[in-house]
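Residue numbers (our numbering), protein chains in the order written: chain C, 1 to 327; chain A, 328 to 720; chain P, 721 to 1014.
There's no promise every hint is true.
[Claimed, not checked] If you want the footprint, here are the derived chain A segments under chain P, 3+ residues with CB under 8 Å:
#	region
1	435-447
2	563-572
3	651-659
[Unchecked claim] From chain P, some residues computed to sit far from chain A (all C-beta separations above 10 Å):
#	residue
4	Ile728
5	Leu778
6	Met781
7	Arg805
8	Leu806
9	Lys846
10	Arg866
11	Gln888
12	Pro909
13	Ser980
14	Pro985
15	Leu998
16	Lys1003
[What the hints assert, rightly or not] Below are the PhoX-like pairs computed for lysine-lysine, each with C-alpha atoms no more than 20 Å apart in a straight line:
#	chain 1	residue 1	chain 2	residue 2
17	P	Lys900	C	Lys213
18	P	Lys1003	C	Lys114
19	A	Lys611	A	Lys576
The set of hints was computed from the structure by calculation and includes no laboratory data.
No experiment lies behind these values; they were computed from the predicted model shown.
All C-beta atoms, glycine included, are put in the ideal place defined by N, C-alpha and C.
Each chain, written out:
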Amino acid sequence: MLNPRSRAIRFIELLLLTSAVVLFIVGAILGDTFFLRLATEALIFGGLAMSVDLLLGIVGLLSLGQALYFGFGAYLSAVVLKEISPSFLLAIGIVALASLVLGWVASFIALRSKGVYFALITFGLAQVAAKVVYNTRSLGASDGMMGVPILQIWTPFGSLDAGQPGTFFVITFLTIGGLYALLKYFLTTPMGSLWHAIRSNEDRLPYIGYKSKGPKQVAFVLAAVVASVSGALYPMLRGFVSPELMFFSVSGNAVVTVVLGGVGTLIGPILGSVLLTSFKSIIGTWTVHHHIVIGIIFVVIVVSAPKGLAGLLVRRFSKIRSPEGGE
Amino acid sequence: MKKQFQTKKIAIAVALSLGASFVSAQPSPIKIGVVTPLSGTYTPIGEQVKMGLDLAAKEINAAGGIGGRKIDLIYEDEEANPAVATQKAEKLFQVEKVDFLTGTVNSGSTLAVGQLAERNNKLIATTVSFADSITADKCSPNVFRVNARAGMQSAALAAWVDKEIPKANIFFIGPDYEMGRSTVSAFKKASTEKGAKDVGEVFAPLDNKDYSPYFGQVRAAKPNVIYTSVAGNDTVRLFSQMDEYGVNKGVTIVGASGTVTSQNMGAIGKSANGFVTGVGYSPKLDNPANKKFVADFQKAYSKLPDLYGADSYGLLYFYKAAVEKAKSTETDKVRAAMNDLSWQTPQGMKKMRAGDHQAMQDMFAVRVENGEFNIVGKVPSDLAIGPDTCTRF
Amino acid sequence: MLESLQYIYAPQIINGLSIGVAVILMALGLTIIFGLLDVINMSHGEFYAAGAFFSVTLVAMGVSFWVCLLLVPLLLVPIGFAMERLLIQKVFHYKDRHILTLLLTFGIAMVLEDSYKIIWGANPIKPSAPISGASEILGVMFPNYRLFLMGFGALLILSVWVLIYKTQLGAIVRAAAYDKDMSSSLGIPVMRVYALTFAFGVALAGLAGVLLAPIYSVFPTMGRDFILMAFSVVIVGGLGSIKGAVIAGILLTQLQSISSLYISPVWSDPLVFAVMVLVLMFKPTGLYGSMKNA
């Protein structure tokens, strides 16, 4: 019998998996485009949220500038697809490698600090990068870059057309799912335990013989890669990139979805992203004051349920168990 | 007993079928999607777009609609973000199945939505974006522009400056992003070709609060004309600070069309007096169509229309003329009808150039005096338009 | 050489000072809340905006600008007090309270910004400066209102410092921040002191809003204007240090002002940010920060 937390996580995983399958089937039957693409977008931003959660919920570092890596992955992917070759694997591969290097370099600046300072440094880094991209003509400046071709993705079973909403939805689901599995695997290794230890009490770590710098760096680089690969999927979906992908609102939204879904669960943020994306789409049609509505909901959650939806589930599962007696 | 029930059933059936036939007799409305910023910094522009479109839709529907079909405007907030704009535009194309789409304000959004329109085989038009690229190097067969572009605005202004202050010394101040820079370079080219001199430039960040650090440079260059492409709140700050520091003494201030509009005019106050710009519209245009338009607009909204409101209003009449000429709302037929189409607007007759989908119109040099946009110069449409550099179609 | 000093550098320095006063006023409230309450107030900019909007409305109703200077901050005190008491204190006891208060105030900022748009509309409003005209200093013209701002701002900063370090009230606040339980056992109503301190900090921001409205104009997104600069000043100066905020404020704004002569203005924000990062890397507590806030 799993503990309430693992049960909650398993529950959300199953929920997302079944809804994805249902959406795919219904969408394919009805020939839908919009909802499948909206769900794909939600998953892409969910990947970004996952990277924020890795740093925040697992290691204990709040990054207010993950959009930097997201945008980096998006732009690099767009450039590769347009200028080198419209190949899915090539784009993802190049982005993964480049973001590894970028994350490693950035870690030297950002990891000199922790807590609030870390948050502000990551915020500032993203602002500066966004400004540079906004003003760079060769990257399309404030207009961004259009004209990313629709991919034909090679598989051993034949070529898949990424322009088909259902097809690309599945591909994105598998990619983000793959990233999730990767992170979960890391959590089972000694590195994962070190991360949890850092979050609980970093100062104690040297007393048991470990340095905190190495694991923190690994987590930081990993988060950069996850965010970048998620970003690389964006131009494949929408056919363009623009500097707005690096703005603070993207980082801010990611944090909102992490809190909404449940900090530290990795899957919670993806759920949060799905909910927020659908929510914004619906609310946005009713009223132009959607910022207030989202802001109020967010404040309510932070004050009354800071562990997010996953936290609520954990509470519920704990209650179900308690008639069995103490643990 | 039975007879009563029979009669009742028959009565209901008759009523229902009458109702059904009545409903089905109404032709389906023409749906037009509007993706425009309704929150964020560009809200004032989005509001003018909405007001112009709503007014035109109301008038057209009251007169029977387009070919008997009423116009149904569906609004979505794009937050001036191309990523949001494409998402909302896709919703309008796929879920609402709109026949036509408009409303985008910044050029990034127009380009991104234009690309989406191509993939959905639908047409869009912009009534605000004035980046030359939209109907030049980045033109698209599915994108039309009814408002004047930057090159046209510069032509009108440069002509006026050359006439009033020949061989002027011009200093350029702009916001540092694509639009700010390209507007400055367009005017620089137009004016230096006529003999004016470039004595310096400063590009401040967008949303810059304080321009006083740059006034030293401006003073040192000793210009008699200052050209600026700031907009919105930046204009309020630049103009009032120039006034406070006396930088505007003895200098004629000119600028882009978006620099002083009815939205920031109130805040700028008397610092705006004497400002001249090249623009495609002024509420003071003296023709019957405009007088009626301004009066109706004020009655409906208690506000004066600006160029965004006027061009958006004109757009629906453009679409109406095209659909009526094509006798259909099918994309290819409407596109063909739009090419070289002339139609009546508050600015007079406009013609849609087929080669690049850019509307041609007379351009005006307009001076701001005490809250009014007075017309001080005019350049006819064929001289203002500039060459057709679109090669895609 | 002397001429360039007079006509090029002197104006930049004096201008930098007038901007510096504005930034320091914003940073003061932020560093007090940050340093004494351990709360990261992402909504600080929105209180700056609130002050500006309130003053615009009051002036339109006929209230004189000088009365607004006193009235508007007083109006913001109960709002700040309520926000701290009802919302912030709810998340205070969690272990991740830094992050939670940051998120909470971030959400509140979202709500506030949109509310301004709903109440006052999206178009900018510019109140006229209460002091008009310009004076010549060293051969260059400066608006009188800005000169007033520098003087009044300096006075304000001095008063705040005196209040916090030289009065009993200030001692109570510092004690409550330093050791909550000890102060409480000495009879200090700690929760109320926290709420009042927060209210004071945001009232300062609101006062800055009133003072700067005639120069920078008023519009719903104005809260974002100063926030990055204010946070940079607070960090470089050291959390909770008023002296640090003042010195860092002057240093950073002078850096911006003078550097604009040599590099494109677009790079002045990144430059300030780079300085902030460097300071953090080599002296993480800032110039005058205390260990407790590392």
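Here is what the structure says about each hint:
Coverage of the region 435-447 of chain A by chain P is violated. Counting CB-CB distances below 8 Å, 0 residues qualify, and the rule asks for three or more. Under the rule that three or more residues need a Cβ within less than 8 Å of chain P, the assignment of the region 563-572 of chain A holds, with 6 such residues. For a cut-off of 8 Å, the count of residues in the region 651-659 of chain A with a CB near a CB of chain P stands at 0, and the three-residue condition is violated. For Ile728/P, the requirement that its beta carbon stay farther than 10 Å from each beta carbon of chain A is not met, with the minimum near 6 Å.
Remark: the non-interface label on Leu778/P is consistent with the geometry, its nearest Cβ contact in chain A lying 18 Å away (cut-off 10 Å). Listed as a non-interface residue, Met781/P keeps its Cβ farther than 10 Å from every Cβ of chain A; the least gap is roughly 18 Å. Listed as outside the interface, Arg805/P is consistent with that label: its C-beta sits roughly 30 Å from the nearest C-beta of chain A, beyond the 10 Å cut-off. At roughly 27 Å, the least C-beta separation between Leu806/P and chain A is larger than 10 Å, which holds for a residue marked as non-interface.
Residue placement check: Lys846/P does not keep its beta carbon more than 10 Å from all beta carbons of chain A (closest about 4 Å). Its beta-carbon lying about 8 Å from the closest one in chain A, Arg866/P breaks the requirement of being farther than 10 Å from that chain. Non-interface status of Gln888/P relative to chain A is upheld: no Cβ of that chain comes within 10 Å, the nearest being about 38 Å off. Listed as outside the interface, Pro909/P is consistent with that label: its C-beta sits roughly 40 Å from the nearest C-beta of chain A, beyond the 10 Å cut-off.
Against the 10 Å criterion, Ser980/P falls within the reach of chain A, whose nearest CB is about 4 Å from its own CB. Its closest Cβ contact with chain A, about 5 Å, brings Pro985/P to no more than 10 Å, contrary to its assignment away from the interface. Distance check on Leu998/P: its Cβ is at least 22 Å (rounded) from any Cβ of chain A, clearing the 10 Å threshold; non-interface status holds. Here Lys1003/P stays apart from chain A, with its beta-carbon at least about 28 Å from theirs, past the 10 Å limit.
For the hint pairing Lys900/P with Lys213/C, the CA-to-CA distance comes to about 33 Å; that exceeds 20 Å, so the pair is violated. Pair hint Lys1003/P plus Lys114/C holds up; C-alpha atoms about 13 Å apart against a cutoff of 20 Å. A hinted pair counts as satisfied when its Cα atoms are at most 20 Å apart, and Lys611/A with Lys576/A does not qualify at roughly 27 Å.
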